[in-house]
Structures are given as C-alpha cells and as structure tokens.
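J.: Spelled out from the first residue to the last, the chains are:
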Amino acid sequence: MIIAERKPMKELLSMVSGVKRLLIVGCRGCVAVCSAGGDKEVAILAAALRLGVKRAGGDIDIQQDTLIRQCDPEYIDPLNEKASGFDAVLSMACGVGVNFVADRCPGVNVLPALNTTFYGANLSSGEWKEMCAGCGACVLHLTGGLCPVARCAKSLSNGPCGGSQGGRCEINPDVACIWQQIYDKMSSMNRKEELRQIMPIRDWATAGHGGPRRRIREDLLP
Amino acid sequence: MMAGSNLENVLRSGTFAVTGELGPPKSGDMEAVRKKARILKGHVDAVNITDCQTAIVRMSSLTAGLIALSEGVEPVMQMTCRDRNRIGMQADILGASALGIKNLLCLTGDHQKFGNHPQAKGVFDMDSIQLLQMVKGMRDEKRFQCGEEIKKAEPKLFLGCAANPFADPFEFRPVRLAKKVDAGANFVQTQIIYNVEKFRKFMEMVCDLGLDERCFILAGVTPPKSLGMARYMKKFVPGLDVTDEVIQRLQDAKDQKEEGIDICVDVINQVRDIPGVAGVHVMAIEWEEAVPEIVKRAGLSDRPEPKGVEPILTSTSAIEEAVDKARNEARLELEGQLEKVKAEAQASRELLAKEKEKVASEISGLKKQIEEAKNIVSSKEAEIQRLTEELQRAKRALDEAHAEGAAPKPTYEAGESVAMVSSSKLTAREQQVLDSLNKGLTALKDVLGLSDAQFEAMRRFLEAEFMLQFGAAAGQVPEAEISPPPLEAVKEAPVQEAAPEEIPEEKPGRSKEVVNLVAQGNVALHAKDYKKAVEVFKKALEIAPEDEKAKEGLEEARQALQEEKEAADRAVKPKEVAGLPPCPDDIDPDEWKRKWVIRFTARGNVALMKGDYETAKKEFQKALELDPDYDKARDGLKRAEAKEDVYIPEVKPGEPVTVEAPAKEAPKKEEKVEAKEIPVEEAPEKKEAPEAKEEKAEAVSEKREAKPKAKVEISAPTGEGVGDLAVSPLPKDEPPLEERAKGIPEEVYKEPCTGVIQSVTIGDGEKAITVGGETALPFHAFEGEIPNLPKTAYEVLDAPPEEWPEVLLKHYSDVINDSAAWARKCVNEFGAEAICLSLESTDPNGANVSSADAAQVAKKVIEAVDVPIILWGCGNAEKDTETLREITSLVENRNVCIGPLTDANYRTLGATAMAFQYPVVASTPIDVNLAKQLNILLENLGVHLDHILMDPSIGAVGYGLEYTYSVMERIRLAALTQQDDKLSPPIICNIGREVWKAKETRLPTDAELGDQEKRGVLMEAITASTLLLAGGELAVLRHPKAINLTNALVQGML
Amino acid sequence: MSNIKGFCCNYTLSVDLDALKKEGLVPEGLEIERLPCTGRLEVPELLDAFTEGADAVFVVGCQVDKCHNLSGSYRASKRVKYAKKILEELDMDPGRVEMFFADRGETEPVVEAARVMSERASN
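Protein chains in written order, with the working numbering: chain A, 48 to 269; chain B, -1 to 1052; chain C, 47 to 169.
Because the hints were derived from the structure by calculation, they are not lab data.
You may find that some hints are simply not true.
Calculated cross-link-like contacts (lysine to aspartate or glutamate; reagent style DMTMM-like; alpha-carbon spacing at most 25 Å) [claimed, not checked]:
1. B/Lys119 / A/Asp250
2. B/Lys39 / B/Asp27
3. B/Lys111 / A/Asp106
4. A/Lys129 / A/Asp106
5. A/Lys57 / C/Glu74
6. B/Lys537 / B/Glu511
7. C/Lys130 / A/Asp86
8. B/Lys134 / A/Glu241
9. A/Lys57 / C/Asp111
10. B/Lys857 / B/Asp762
11. B/Lys730 / B/Glu749
12. A/Lys87 / C/Asp149
13. C/Lys127 / A/Glu174
14. A/Lys232 / B/Glu169
15. B/Lys232 / B/Asp180
16. A/Lys239 / B/Asp206
17. B/Lys530 / B/Glu564
18. B/Lys630 / B/Glu783
19. B/Lys537 / B/Glu550
20. A/Lys239 / B/Asp210
21. A/Lys57 / C/Glu158
22. A/Lys67 / C/Glu152
23. A/Lys101 / C/Asp101
24. B/Lys563 / B/Asp588
25. C/Lys124 / A/Glu174
26. B/Lys252 / B/Glu291
27. C/Lys124 / A/Glu52
28. B/Lys526 / B/Glu561
29. B/Lys111 / A/Glu177
30. A/Lys87 / C/Glu154
31. C/Lys130 / A/Glu241
32. B/Lys530 / B/Glu554
33. B/Lys111 / A/Glu52
34. B/Lys196 / B/Asp180
35. A/Lys87 / C/Glu134
36. B/Lys196 / B/Glu169
Note that this is a predicted model, so its numbers are computed, not measured.
Please construct the entire structure, taking both the sequences and the accompanying hints into account.
T.: Printed below as a string of structure tokens:
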C-alpha cells in the first residue's frame, strides 16, 4: 500500500490563503486505509482549516467530497463538473491522485493535502513501515524475500556494512539491519551459501532513473 | 604488478607494511595537507587519503592525494559510493590514474546521516564490492562499467577494501571479505582493532578461506588519544569493539596520550604475530604526530626506500618557475663560492706575505743570535782553554806531589757545587778544579742564556768528561793529554731541541764513547725525546754496564716515557678511568666507574663464595680503589680478610657451596628414590647412573658409554605416567669450551657483557638461596660469571586444588588438605629448595577466604619448613595487600619473599617489604617498559633493586611462550649489554599454574596425544627450560618430575 | 467572561446546568452538550466548537475502564489527543481542549472540569 501523511497545517493554510471556496476531495484507496485521506480525515481537515482560516481573520467556504479512488479516470472525471465554482481542489489522495486530477481536469486548481511517503505495510494501528522501493528490478528471491534496496540505509547489494551491530543499523538503533535479517533468514533456510555470490552492479534505470516509467499490457489495451 | 605502487612493492616483497591515514582539511588549505604529509613521510609506506570521512565535507581525496604525492608521500586514495554515481567515479578514477595515483581503496562510505549534511541525497549507485568489480574491469579488461572499451591508458590501480571483523554477523565477515577479494581487492585494511582475540578468530576464518594467500591484510590500529575518545568510540561508533581493558588502562594512566600510544603499539605487536597479517594501517585521526612514535616503538621505523613516488602534475609555469629558481639558486651558490674562493685566495696571499716577513725577521734574529752565541762561545772557549791549562798545571803539581811521596791532605771544604761525584773521592786539587769548572759553566750558562735543562745537560756532559779524563789521569801516568771539552756539543745545545740527532755520535776512545752517549742521552732527555734517550742510555750501558750516569739517565728516561705515555692516554681518552677498560662513549665515566665498583664487588663475592679469598680480596680492593666508600666491598674485604664465607662458613676454601653443588645434590635424590620407588628389576640400571657419572669425570672414553644409559632413562618412562620421578644428571660429555675452541681467538666466540644482574637472597640461614649475580647471558658461563644456578621452587596451595588434573594431584594427594604437610613433603621427599605458597583461595572472585585465615595457613607453612618461602597472592591487588600484610605481621622473623606487586599495590606492599627487608616479586604484564617502570617506582619508593624479583608474566608452551621469551630476552639484554640497571633484577617465572591450566594437560591419555602425565610433565619442563634459557632465574613449578628434569638441565649445562 | 464548551455523556452529568450556574458553581459562559456517549464525539466537532467561539473545550466521559459503552470514553480521549495536535499546528494552546473522566452520576467532576478550563481560557 502507498503510505501518506497529511501535510502540516501551516503549509496547508498558506496553500489555501486567498482561496474563498475550497473543495476537499478524499480518496477511499490506500490513503483511507492508512488514515491519511479517507472520509474521516477529510472532515477533520475541513474543520481544522475553517478554524485556522478564521483565526487568521479570514473567511473560507469549504466543501467536502471523497472519491472511490483518485487513480482511475472514471472516478476522477466527474470532478471536472463538481469543481466548478471552487477556487481550488485540495486532494487528499497520494501524489498519483493529485497528478491524475491535474492531468484530467484542466480547469481545476488542484492542491496536495498529503505527503506521499513510501510503499509500506501496517505493522499495527498507527504504525507503518517501508518494505519496497519500487525499484523495478526485484531481487527478493536472492535475499530471502527481504528487500535491501528499500530497507538498507545504503541500499547495499552484497551484505551488511561495517556498521551492523547486534542486528541494528548504524544510522539508528531503532532500525533493524536488514542484511542481518537476510543472513539469518537465508541461514535458517540453509541457503546462506548463496550470499557468497556477488550481486552485480544494479541497473537503476528501472527505478525511475531511466525516466518516467510506464507499463503496457497489450492484451488489455482497448 | 598491478600498479607498481610503493605499497604494492612493499607488500609483494614480504616486508611488513605500514600505512597511515591523512584526513584532508575542511577547507582549501593546501598547507594543512602538506604539513600532515610531512609528518608521516618516511614513517609509512603509503597514506590513506580519506574521502569525506563520516560524510563531512572536506577537500576531495583526489586533490589531497595529489598534494601528498607532491610531498613525496604515496597516497592511497579512498573512494566512497555515497557521493558520486558510476559516471563521476569512473571519471575521477581516470583522472587519479593520469596524475600518478596508484592505490585506490574502495568503500561504500559512511551514511550521510552522520555528517554535516544529513539532508544530502546519498547516491549509493553501487556498493564497495561492485566498485571493486568496476575498477578491476577498467584495469584488467580495459572496459568501462558499461562494457565500452578504454582505448588508451587504462587506470593502473592497486585496489584495496576495508573489512570490519567486529561487525555482525561475525561469521559472515570473512565471507564478505572473500566477496571483496573475488571482486578484485588486492589488499585489505581492517577496522580499528582493540579486541585482538576476536580479530585472531576472524583471521583464522579468513585463512581458512585462503584469503591471506589472495590478498594482503593490514590490521587497522588507532592510538586512543584520551579516555574520552576511547569511551566515545566504545559507545557511539558502531562496529568498533573497544575493550574494557583499554578503557581501564587509560583510566589508570598518568599520561593518557602516552598510554594511548602504548596501547596502539601493544596491539601492533600482538597482531603482527597473527598468521596472515601483512601489515598495519595506523589511523591516528587528527593526531598524525603520534604515528612516527608508534612506528618507532613498534620497531617498524625501518621503512623500505619508497619507489616511484613522484608527482606527475606540475604546470608549465610551475616548471619554469622551478627551473628559474634552481638556476638562480645555482648561480647564487656559484657566486657565493666564487666570492669565498676569492676572499680565501686574498687572505692566503696576505698570510703568505706576513709569514714571509715573519720568517725573514726570525731568520735574521736567529742569525744574530747564532752570531752572538758564536762570539760568546769563542770567548768562553778561550776561557775554557785557560782553565784547561790551569788544570794541566794543577796536574803537573799533583804529579810532583806524587813524586814527593805523599799527597797533601785536603785542607779546604768542597765547593758550593753539589757535584755529581762524591767529593770524598776527590783530592783537594781536583775539587778546586771542579769548582772553578762549575763556576765557569755557571757563567757560561748566563752568557749563553741557556735554559736550566740545557745547562744541566751540558754540565753533566762536561762533568762526565772531566771525571773520565781526570779520574783516569789521577790513577795513571799523567801522559794522557787532557783534551778540551768537546765544545761542539756545547755549541749545539741551543739548537738541540730541534735536532738532537745531529749530535756527533762518534768520538774516539772507549770511555769517551760512553760519555758521549750519556751526554747524548741527557740531551735527548731534556729535549723530551725519551725514546731516543732510553735507546742511547742503553747503548751506553752495553759498553759500560756499570756506568752510574747512564743507569740513572736510563731510569729517568724510562720514567719520563711512562709518564708521557700515561699523560698521552689521558689526553686521548679523557673519559677513561684509570685501571678500567675503556668507557663506552654513551656512558658517563662516573657511571662506568660505579658499574665497575659493583662488578668488582660481585666478582669478589663470587670468589668469596668459592673460598678463593685471595682473589676476593683483590677484587674488593679494586672496587674500593674506585670507591672507598662502597660498603658492600668493604664488608666483602673484611670477610675475605677474615676468611669468612657469607653463606656457609664451614665450607672449605676451594669447594663449591652446598646448595649449588650439583654433584652433591643429584646423588642425594637418587638415593631417596632408590629406597622408595624404584622397582626391583630396574634398580641395577639406576645404580649405574651415579657410578657412570664418577667414571665420566675420570675417563673420557667411558663417558661415551655412560651417555646412552642416561638417555634411555629420561626418554623411556614406564608404561603409564612418567614412572619414577628421578632424573639422571645430564651427561657432561662435551670437552670444555677452551678445548673445543682451541686455536680460535677468544674474541671470536666471546662477547662479554658489560652489565651485572642483581643478586637477590631469599630465605634464612644455610637454606637461603641466592639468585642472579651473573655477568653473562643465561648459561653463557664462558663469557662471564654465573655465581648462582637458576633455581626451582615447588608450588604449594593454601587450599586443596580444585582444578589440578589427577596426574598432577596424585603426587600430593595425601597432603592437599594440609598446606604445611604439603610443603614438608616437597622439602623432605622431593628435595625442594624453595616453596612458593600460592594464596589462591583468597581470591575475592573465588573462595574469598579471609586474609586472617590465609595468614594462619601461611604461618604454618613457613614454620613447617626451613627452605625459603615465596608468598604469592591471588592477583587481586587490594586483597593481596591485605593478606600479605597480615602474614608479614605474623612471620616477621623469616626472610620471606612476597608478591605479586603490581602497579596497583606496589606502594603499600613495597613499604611493607621495605620495613622487613623482604624481597618482592614485581609483576607486570609481558612488557619490557612496564617491567622497568615498576622497578623504577619501587626504587623511588626505597626498595633496592637487589630486593626485587621481576615477574614478567609468562605463557606456557603453546600459549604465548614465544612472546614471553622475547620479552624476557629483551629485559636481559638491556640489563647485560645496555647497562640498563633498572632491568637488572633477576626474573622469577610462575610456570606451573600456566602449564597445568592448559587444555593439553587435561586431555586424557589417548593414542594420538600419548600419556597424559608425561605430556604435562614435558610441557612444564619444556616451558621451564625455555624460560631459563631466556633469562629466568627462579622457576615456580608443580610436578616433581618436571622440576627434576629442569634441575638436571641446569646442572648439566652449568 | 470566557466561553467554555463542554461535552458530557449521558451518564456523567445528572444535575441541571442552570441550577449550577445559579449557585455560581460554574461560569456563566459554560455551555454543555450532552451526548449519549463521548465515544460518538469526532475531532471536527471539537474543532468546530472553537470555530464557533469557544475559548476552551472539554469532554467528560466515564472512567476509562467503566464506560457504559466499554470503550467510548477511551476513544474520546484519543480524539481529544489528535485535536490537541491540530491546535498545536495552528499555534493554539493544546491545553484549551481536555479530556476528563468521572464516576457515573457525579456532578463534581464536571464542575471541576469547568473551573479548570475557565482558568485555562483566561490565561
């Protein structure tokens, strides 16, 4: 899932300064699940912005709406109409949603309400952790299913650096050393010999360094 | 060769390499780099230039590396993957190679989070292993990472990587290193090592993977600059294992920096011996000045001359500038030289002119003088002629008187001149003549302006002449014409100083010849040409052996010659102390004298013990001549004069002292054993041993027969265990050294030492033992004196041993519950010369028996036996202080030895020992400097060096014996050859405890390892004999057989 | 005089507010909204109270472990916590919103909460 978090109120307030009529649009996709941009968060943001604007001596009319997803045209396209009469649309979707609204609604002044942080999993209520970097060249079969690209501070390919101590990463003792975990996992599966293989230098083109990525599946094309 | 770098050359040559580290400045300050480079230059083979270490922005490693190179220091450029992607890195690699950088250390790099730009984007396009792969590809395949060919000038780089043996997972670390080597690493520098044991394990694994064969491994070390730094590293630097011992050492240190350097040197010394380690990487971060000292103390100062360390990049303007500068310098220098030469020429011209003038004036002066002298001489000649005539007249008168029958009695006194001839022999007339002659001569002296010496020469000459002429004439027919004195000689006198050989040598007449010779001798004498004088006088005596003048002259000349020689000696060697061998240049003459005082005294004592009182007296006198206040020598002299031996008064002169007499002791033991333990069937063979020994002493041919028997006994113990405990004496079948070395000059095989080891006496009365006192290296009796044989002591515990293997324990099983009985058994049954009571049970980490209880046990032991006792604490400084003080309060009348004194408790225990005049054991952890320091501390406290036994802490065979050996050897060489008397106390080695805790002494008997007891005994005996060879004087041991073996060795060799 | 808005659940306040005001036990500007359970309360309502003019807002719910609806007052406390965070982001004193717990049917805690909040509001 894509993990996101609300931008700080100050940034949002400055973003909407001068806006008289604002439409806040949530998304019931990933951001709803990670409690960043679903119906509830839309309501809270609306209330908070009203309070903030009022305290700043302003006046704002805020309306709320939440779409099923903001990454599919069929949910986005109605915005073209809905947004008419609003000075701005504050999207509470991930960056994909904001882009998509911008792409598909030419007349809409779309603003991001969230910072899109990472691809992660929900460890427990209120806690999420990065698990994937979306690098486009998965090596998880070589590393016991644990990703060194996303989960090693230096994205090392060939084992733990000299800062690995007691299973912890040198950058922060709260962070586990993923290479220790990979080693333990591979050992437990009697596969640690495989770690002797040198993982060759990576092709980062698939990780976005080769330009914006696009995927096409011919059989599904209309 | 990969790159032909200096580092590569050094490593491939097998030399133990040293690399340093240089952190570029956080500025564009080129001087900062130069300065650091100059500090390191010559002390290391190459220097790592860090690449923004800990992610702090600094001058780039490439740039700083080039600056270092321009200082003649070979850089190892570090490259991290944090800040550049493959494009930037390859670009820099090409540039580095083009500008003469030949070593590249490939790192992933510290995470940017640690640096001063934690917001930076970490690139990490690749990791260090992939970087190695990439550069190796560029170098060996001539391809860029993308596969494209490098058409020209591929980068030639010697590739390195880092390894951290202390990071986790530990068992993966060597594997990861293997990956680096596979990827192309030629050398490795490890993380900072403090935990040497862990590193050792790491290296074992690395060697198991064969990596030491495929790359050069340099152990990383760092001197902790302060306690704070060490604590910081321990707490906050991930992957750095700073041991508690290091923290403790710094905490205890007076000078933390100094200690930091020592810690670093210790680590270097330890890792050097680890297989697979090819060098060290000394990282003195922001403390580059420490590197030369570390390298020096580690004995690595002798770096190979760097090869090919030359900067490539110099701009044309720089070249022109340099050429101009060189040209200018050369011109200035030439001009300077020219000026100088001109000035010198001018000066010499002037000097020459002056000299000419001077010489001319001198010559004219001389001419004038000669002229004057001639005038005077001719006038005096006339005078002399007159006197001669008068003489002849007198003679005639005398003849007439003779003719009349009776000579007139002398009526007047002898003249004022104290003539050389007894006046009683002279007649009045003769006397008169002589007087007037003397007067004339005195006048002549004044006139000629002769010096006293010249005058004296002339006077003697004339007198001799006179006596001969006159004396001969007096007793004979006065026909012989009295010729005038040979005035030529007189004339020559003023010039004779310059050319005495010009004296006319030939004179007619036998007696005249003698006279001439004597005169010639006298002249030479006064010209201070004593050799010639001696020669001439001798010649004179050949002709006239009874000639008094000649004899006298000869004596005088000889004496003068002797004096002159001594004066010359003194002048040439002002440091020399009379009667001593030449003082080495590096020693203060007073110091030298003092050493000889001690040495003479030591020799005296040796002689005293041997009962050679004459020699003793002489030696003591020699010592007293040098230092009349030296009490020891005075005492010795007294004893020597009273013919009183220090140790055993009843020993007859010429007989060795009992405790040191192997001949007496060995058979004693044998008898005991025979009576007790020898199986019946073996008895006859055993009995032969002592007999064989006696025979050996008499007949050389029989020695050869006796030898194999002795061998069989030692090497073939009965089935289980070591069999009986007795050991036959080693055969002394070698002919003595003098015989073997016949025909070889002594100095070829002898290298006498200049120092002397202190003599330390433990115990009381006739059972007291003395160790040390030697003036030669261990067992080198042919080079000096070894007055006391190395000794052994039996270790007795204060409580039943818990961890002694059965094979050892069985010998004491009946006494382990009673330490006193145990000690008695050692003395009465095994013949122990000394007992070492180990107070192991007092250890607070063990049984923690109270000091008072332990003292009671010790008291019983001390009372149970009369041999010397060493009281050895548990090693806990505080507890030992308490326990040993407690004991000393109970046993103050016995001269026990206490220990171990460490730097933690030397004050309290040292004071106690001083109060009772006990010898002490000064214990330090295997380090020459620490040992010396403790001795100095003790000496400052007031404990004399002759009351100290050094315990250097030893390791058993297989457990660091080599290290111990080399430390002891260094201590001994310092004491004996470098006169380092702070290291001169004898050495005690507590061996038993080390050996019997080794795994090998505990494994049961099996086919592969053989018999357990024999194994343990041999380990103990081998450890003991090795350490005695290294300089040990007193070995504390456990197994009776091992002790017998050790004693046999000692007695066989000395 | 400050405006105080209080949210109480059905179980924590049983006395008439006007009676309390008459006796002077609570400030004049106090307004109380009674809810079936404080667990129903959402963050926007807390924020809206400020928007609508309250100087301070409080919530009184059952004791955490004795909530009539098991975890209602616990939920309310978490929402108050989030509301505090937003106030902070808006440069407001997070102490202006607070959660109080009271035993069933007791009036004193409400009176006490009102007093505390009116004090905070006047600071």
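J.: If a hint holds in the structure, say so; if it doesn't, say that too.
T.: Structure-based check of each hint:
| no. | hint | result |
| --- | --- | --- |
| 1 | B/Lys119 / A/Asp250 | holds (18 Å) |
| 2 | B/Lys39 / B/Asp27 | holds (19 Å) |
| 3 | B/Lys111 / A/Asp106 | violated (43 Å) |
| 4 | A/Lys129 / A/Asp106 | holds (21 Å) |
| 5 | A/Lys57 / C/Glu74 | violated (34 Å) |
| 6 | B/Lys537 / B/Glu511 | holds (10 Å) |
| 7 | C/Lys130 / A/Asp86 | holds (20 Å) |
| 8 | B/Lys134 / A/Glu241 | holds (23 Å) |
| 9 | A/Lys57 / C/Asp111 | violated (37 Å) |
| 10 | B/Lys857 / B/Asp762 | holds (15 Å) |
| 11 | B/Lys730 / B/Glu749 | holds (23 Å) |
| 12 | A/Lys87 / C/Asp149 | violated (30 Å) |
| 13 | C/Lys127 / A/Glu174 | holds (17 Å) |
| 14 | A/Lys232 / B/Glu169 | holds (15 Å) |
| 15 | B/Lys232 / B/Asp180 | violated (32 Å) |
| 16 | A/Lys239 / B/Asp206 | holds (18 Å) |
| 17 | B/Lys530 / B/Glu564 | holds (18 Å) |
| 18 | B/Lys630 / B/Glu783 | holds (18 Å) |
| 19 | B/Lys537 / B/Glu550 | holds (14 Å) |
| 20 | A/Lys239 / B/Asp210 | holds (23 Å) |
| 21 | A/Lys57 / C/Glu158 | violated (34 Å) |
| 22 | A/Lys67 / C/Glu152 | violated (46 Å) |
| 23 | A/Lys101 / C/Asp101 | holds (14 Å) |
| 24 | B/Lys563 / B/Asp588 | holds (23 Å) |
| 25 | C/Lys124 / A/Glu174 | holds (15 Å) |
| 26 | B/Lys252 / B/Glu291 | holds (18 Å) |
| 27 | C/Lys124 / A/Glu52 | holds (18 Å) |
| 28 | B/Lys526 / B/Glu561 | holds (11 Å) |
| 29 | B/Lys111 / A/Glu177 | holds (18 Å) |
| 30 | A/Lys87 / C/Glu154 | violated (34 Å) |
| 31 | C/Lys130 / A/Glu241 | violated (52 Å) |
| 32 | B/Lys530 / B/Glu554 | holds (12 Å) |
| 33 | B/Lys111 / A/Glu52 | holds (23 Å) |
| 34 | B/Lys196 / B/Asp180 | holds (24 Å) |
| 35 | A/Lys87 / C/Glu134 | holds (20 Å) |
| 36 | B/Lys196 / B/Glu169 | holds (11 Å) |
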